[in-house]
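S.K.: Each chain, letter by letter, is given below.
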Amino acid sequence: GESVGLHLPTLSVQEGDNSIINCAYSNSASDYFIWYKQESGKGPQFIIDIRSNMDKRQGQRVTVLLNKTVKHLSLQIAATQPGDSAVYFCAEYDAGGTSYGKLTFGQGTILTVHP
Amino acid sequence: EAGVTQSPTHLIKTRGQQATLRCSPISGHTSVYWYQQALGLGLQFLLWYDEGEERNRGNFPPRFSGRQFPNYSSELNVNALELEDSALYLCASSLGILAKNIQYFGAGTRLSVL
Chain A
1 GESVGLHLPT
11 LSVQEGDNSI
21 INCAYSNSAS
31 DYFIWYKQES
41 GKGPQFIIDI
51 RSNMDKRQGQ
61 RVTVLLNKTV
71 KHLSLQIAAT
81 QPGDSAVYFC
91 AEYDAGGTSY
101 GKLTFGQGTI
111 LTVHP
Chain B
1001 EAGVTQSPTH
1011 LIKTRGQQAT
1021 LRCSPISGHT
1031 SVYWYQQALG
1041 LGLQFLLWYD
1051 EGEERNRGNF
1061 PPRFSGRQFP
1071 NYSSELNVNA
1081 LELEDSALYL
1091 CASSLGILAK
1101 NIQYFGAGTR
1111 LSVL
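Respectively, the protein sequence lines represent chains A and B. The numbering of the first sequence is our numbering, which starts it at 1 and goes up by one. The numbering of the second sequence is our numbering, which starts it at 1001 and goes up by one.
Derived from the structure by calculation, the hints contain no laboratory data. Computed from a predicted structure; not experimentally measured. Glycine is no exception: its CB is placed at the ideal position from the N, C-alpha and C atoms. A couple of the hints might just be wrong.
If the Cβ cut is set under 10 Å, some of the chain A residues that face chain B in the computed set are [as the list claims (entries may be wrong)]:
1. 33
2. 42
3. 45
4. 91
5. 99
One chain only, chain B, in its complex shape:
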């Protein structure tokens, strides 16, 4: 069974550009979560989607946004990129409302903002 898959593996952008990151959850999982892992820092919660709806978001500015598609895959969009947005962006999935505590992670997208 395939795990959580993320694309692209690496993404290089310049300041002010927009980045789009993609995530496919484990088959059967309806919840998708996004986390930011900046160098030297722990994972910071960004967004949670379930059944196509945004359920919660972390302390990030509105230029971080996303969506979840009917097949439960998800996109994370980061607008007006800043240098400090450089980080590993991790997507996780879970079975849904009743299993939020066990989240399975993908390998991440490394975003570099120059």
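Okay, chain A solo, but in the shape it has when bound:
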């Protein structure tokens, strides 16, 4: 069945460094991949998405890379700040069949940024 997983459950970086959060997925039929940030006591916040026919998409301080050959997704955060400390989830969206409307989430990576 579908699954989205993460290589690393925790990541610690120094303020100002670049962060890379990785995600493996298994559903080659997914149409979109999405990254969310969840701070303590809050709901997930949309960061960026990428369509399955793209390899790279950039936002403000963030870049998402998609490698369909190895079914791998990554989120790069430039000049990481203490406010970036949170749990980051990757999610996939497959518009077909029984997955219609459903986001499938990975387990999450805890990012800690040290001042």
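Following the hints, complete the assembly by docking chain B onto the known chain A.
M.R.: Frame of chain A; chain B shown alone:
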């Protein structure tokens, strides 16, 4: 512009009781989604409503149900509560059929079943 709002923030119930959780989507959004986030687990899809109709549901028993009102707000009802129902219940909304991949979440309702 207000985001997705959920109430109550916290809810404490005992086994066998019923819980009702409420959600108001972002203005203009017609789709509402419910997810369960149990401790140590990722988000699990529960239900999706659009234009008042249930469009899809996840692998949860029938005692998890809900509805969407004409103003697009939604309720999630959990009957015959069990201890393992304790979790953060998150509501999300999207613009509708054409934008399901971008879902905006509320802060959630923390349900504790004692």
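S.K.: Indicate, hint by hint, whether the structure satisfies it.
M.R.: Results for each hint:
1. 33: 9 Å, holds
2. 42: Hint holds; residue 42 of chain A Cβ to chain B Cβ min 5 Å, cut 10 Å.
3. 45: At about 7 Å, which falls below the 10 Å cut-off, the nearest Cβ of chain B leaves the hint on residue 45 of chain A intact, so it holds.
4. 91: Holds: closest Cβ of chain B sits about 8 Å from residue 91 of chain A, inside 10 Å.
5. 99: Check passed: Cβ of residue 99 of chain A comes within 8 Å of chain B, closer than 10 Å.
Checked against the numbered hints given earlier, the structure satisfies every one of them.
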